[in-house]
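These protein sequence lines are chains A and B, in that order.
Letter by letter, the first sequence follows residues 1 to 612 of the numbering used here.
Letter by letter, the second sequence follows residues 1 to 205 of the numbering used here.
Check each hint, because a few of them may be wrong.
If you want the footprint, here are the derived chain B segments under chain A, 3+ residues with CB under 8 Å [what the hints assert, rightly or not]:
# : region
1 : 8–14
2 : 149–160
3 : 190–197
In short, the hints are calculated from the structure, not lab data.
Note that the Cβ used here is the ideal one computed from N, Cα and C, for glycine as well.
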Amino acid sequence: VSRSSYEGAEELGRHRNTLGYSTIVKGDVDAAMASADVVVKARYVTDPVQGVPIEPRAVVAQWQGDRVPVWTSTQVPYAARAGVAHTLQIPESHVRVVVPLLGGGFGAKCDFHFEGHVAALARAARRPVKLVFSRREEFFAVGHRREGMVIELETGARADGTLVAHRARLVLDKGAYCGEGGFFAQMAAMHALGPYVREAVFVESSLVYSNNQPSSSIRAPTAPQVCWALEQHMDELAAALGTDPVELRRRNLIEEGSVTATGQVLEQVTARETLDRAVELIGYRQELPEDEAIGVACGWWHSVVVPSGAYVRLYPDGSGTIATGAQENGTGAVMAMPTYVAAELGMKPEDFSILYQDTDAAPWDMGSCGSQTTFNSARTVIAAAVEVRDQLLDAAADKLEASRDDLELVEGTVRVKGSPDKSVTIVDLAAGGTIHGTGVADVPAPPACDARACAGTHGLESLRAPHWFTHAARVRVDRQTGVVRVLQVAAAHDCGRILNRIGADGQVYGGVVMGIGQALSEGTQLDDQGRHLNAHLTDYKLVTASDAPRIDIAWIETETPNAGPKGSKGVGEPPCVPTAGAVANAIAKVIGARVRALPMTPERVWAAKGQA
Amino acid sequence: MTVTTFVSATTVEEALQALAAGARPVAGGTDLVVADRSGKAALPESLVAIHRIAELRGVTAGADGLRLGALASHAEVAADAEVRARYTALADACAIVGSHATRAQGKPVNSCSYLALQADGSEVTTVEGPASDDTLAPLQAAFLELGGVQCGFCTPGMLISAAVLLAENPSPTEDEVRIGLSGNLCRCTGYDGIVKAVLSVAEAC
Numbered sequence: 001v002s003r004s005s006y007e008g009a010e011e012l013g014r015h016r017n018t019l020g021y022s023t024i025v026k027g028d029v030d031a032a033m034a035s036a037d038v039v040v041k042a043r044y045v046t047d048p049v050q051g052v053p054i055e056p057r058a059v060v061a062q063w064q065g066d067r068v069p070v071w072t073s074t075q076v077p078y079a080a081r082a083g084v085a086h087t088l089q090i091p092e093s094h095v096r097v098v099v100p101l102l103g104g105g106f107g108a109k110c111d112f113h114f115e116g117h118v119a120a121l122a123r124a125a126r127r128p129v130k131l132v133f134s135r136r137e138e139f140f141a142v143g144h145r146r147e148g149m150v151i152e153l154e155t156g157a158r159a160d161g162t163l164v165a166h167r168a169r170l171v172l173d174k175g176a177y178c179g180e181g182g183f184f185a186q187m188a189a190m191h192a193l194g195p196y197v198r199e200a201v202f203v204e205s206s207l208v209y210s211n212n213q214p215s216s217s218i219r220a221p222t223a224p225q226v227c228w229a230l231e232q233h234m235d236e237l238a239a240a241l242g243t244d245p246v247e248l249r250r251r252n253l254i255e256e257g258s259v260t261a262t263g264q265v266l267e268q269v270t271a272r273e274t275l276d277r278a279v280e281l282i283g284y285r286q287e288l289p290e291d292e293a294i295g296v297a298c299g300w301w302h303s304v305v306v307p308s309g310a311y312v313r314l315y316p317d318g319s320g321t322i323a324t325g326a327q328e329n330g331t332g333a334v335m336a337m338p339t340y341v342a343a344e345l346g347m348k349p350e351d352f353s354i355l356y357q358d359t360d361a362a363p364w365d366m367g368s369c370g371s372q373t374t375f376n377s378a379r380t381v382i383a384a385a386v387e388v389r390d391q392l393l394d395a396a397a398d399k400l401e402a403s404r405d406d407l408e409l410v411e412g413t414v415r416v417k418g419s420p421d422k423s424v425t426i427v428d429l430a431a432g433g434t435i436h437g438t439g440v441a442d443v444p445a446p447p448a449c450d451a452r453a454c455a456g457t458h459g460l461e462s463l464r465a466p467h468w469f470t471h472a473a474r475v476r477v478d479r480q481t482g483v484v485r486v487l488q489v490a491a492a493h494d495c496g497r498i499l500n501r502i503g504a505d506g507q508v509y510g511g512v513v514m515g516i517g518q519a520l521s522e523g524t525q526l527d528d529q530g531r532h533l534n535a536h537l538t539d540y541k542l543v544t545a546s547d548a549p550r551i552d553i554a555w556i557e558t559e560t561p562n563a564g565p566k567g568s569k570g571v572g573e574p575p576c577v578p579t580a581g582a583v584a585n586a587i588a589k590v591i592g593a594r595v596r597a598l599p600m601t602p603e604r605v606w607a608a609k610g611q612a
Numbered sequence: 001m002t003v004t005t006f007v008s009a010t011t012v013e014e015a016l017q018a019l020a021a022g023a024r025p026v027a028g029g030t031d032l033v034v035a036d037r038s039g040k041a042a043l044p045e046s047l048v049a050i051h052r053i054a055e056l057r058g059v060t061a062g063a064d065g066l067r068l069g070a071l072a073s074h075a076e077v078a079a080d081a082e083v084r085a086r087y088t089a090l091a092d093a094c095a096i097v098g099s100h101a102t103r104a105q106g107k108p109v110n111s112c113s114y115l116a117l118q119a120d121g122s123e124v125t126t127v128e129g130p131a132s133d134d135t136l137a138p139l140q141a142a143f144l145e146l147g148g149v150q151c152g153f154c155t156p157g158m159l160i161s162a163a164v165l166l167a168e169n170p171s172p173t174e175d176e177v178r179i180g181l182s183g184n185l186c187r188c189t190g191y192d193g194i195v196k197a198v199l200s201v202a203e204a205c
């Protein structure tokens, strides 16, 4: 892969180097396209971007007999454990992975990466071995980048704005190895559909090997790039139809009862509500100076459903511990678990400590990826708390000689409803030290769908507890220099019930700002030999405090079928998905031309303006 | 280019004489050799090695503060029990070097590239400084309350930069806060909670 691969030379996907190929097929797209009144067609390319957690990777291994504890900054301790065991051909029970604290991840610390190497070196050296990456090494590291892509889109619509046909061809640069992310071809294909209804669809998505740095599941993998292209494409179609971009979306967005291109009947869809709220928050119809404009972008996301396990136990003093395999990476998803357990048991959150980030402490967990910690891990923790609750009620029913059904857990006691005097404290009930619960939560089955016409399915053809969202961005473009400044972003999201407002808002603030970086300044530049030209933070520019805009948030809270605990869905990934698309559409309005390469650097904006 | 003069000094006096004669100081010199071999930088003609100067070594924690020899290594600082007990962040930083901001004489400095000699006689505040016993300083509490912390990796540097900003400008505008913090990167928060926290403390003053 070289610079030219992303600029039209089409090396990508032409060398029998495909490792994943997925299609989404509905109806006869040729016939539908031929019947359309208006057809637009465009090609977009995206540079690879990096996860860039501020804390670099660090791993220490020190053998103790035939066991090897590994301390590592990973998002996925159990995958790391399996990786060490597999690499060294030792039993998993001989590997213990501990994460002291995680200084951010954003997917760059997903998958098993370097723990096995360090454990092998420590075994050979008969001493502890430590690996710490420099910032430069972070930029080359396996799994730290998103895919660069080539995205070709063609859409046909009737004169009234109804979408009829959609054709897409995507090529994703996976790099030299595929540790994880074999499903990206299908994931990108689903985002090339986006949350819209069409009569006929043909999407073809190839995940290809290259000689580039291997990619991995960076926050909402594949989605920001594909959403950026599709949402620009929607605006191009609106221009061709002479329709307002918001009206075009409102007409075609998926709604209650819509059937996806993979045959899934959708329930509880709030795509339009997110559009309406974002447009309202940004003041879409306001008069703006001629160098400013507002763009919008919509998108969808799926909930990741995986098993996990947890224990909750009470000490004789009445305090408790939650043992979970979940990994905290700063979102607060694990830190919030004591509040859920305390609520089940009528206790206080501070009564509970958390035993976590140690594979010897708790059952398997997928880790901090897929926005799944609250959705799956908290579900299991709550299930364990419910077992503890049952044990407390049984014990209290004995002591109080009352029926279980008449009891309630309030303020550290179990008492008879309506007779607060008849009570026993949890300290008394837990005095034996044997009260403990085990959580194995039910994993909901995927909703029915029909993907028989599609190739390369990995389960993403059926969306579980889907998310809906819209961002609107107001930007200012300096026409002389091509410099873009994002002034305001309105972000409307349906992530189910919000359990921790500050934590959820924090994901949106951080996701939007990451999306702005991807939109404007972040991109790994390659030379003609495919070498990185900007493997450092001086030329790979993250958004700073003075670049970050005002961000307004709207949460659309609804009852979603198959939702996580208390009606929640995940929230970590979706907020970074539609920002670049919204920014792109605003830029196009100001300069009267499309920037078809991501990031939309001043140079590219200036060049696009010249072609207007 | 080859090195023609190499002095291995054992006293500060000896090193100063060599420096006055135009020598460049080196502690170990391995980076120089690497740079020379890869053609990135030529070796200077005259070098003075300072790593044998005993008086530049050592870590001393006294009632008046902490004295670090200019040659004290990160490992020595991290391993010093007194330093760990009284200046935990410094010990942690030396062990893992994360955010380097330390406040010296009212200005934030990058502690990893700030020589102990330069700090001699200065009042140095690390991130523990503003808190007393178990009570967080108002700025720290505001970071927690308003979502200024997620993974926490940038937090020490942000707190120091914010404290310096507020000391210099007790009632900043939002733009002044954003510009004042733009030297510290955060990947988690989008800066929103951090900026709100700094402004909330400014308004409370």
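Quick rundown of the hints versus the structure:
| no. | hint | verdict |
| --- | --- | --- |
| 1 | 8–14 | violated (count 0) |
| 2 | 149–160 | holds (count 6) |
| 3 | 190–197 | holds (count 6) |
Hint violations for this structure: number 1 only, all remaining hints satisfied.
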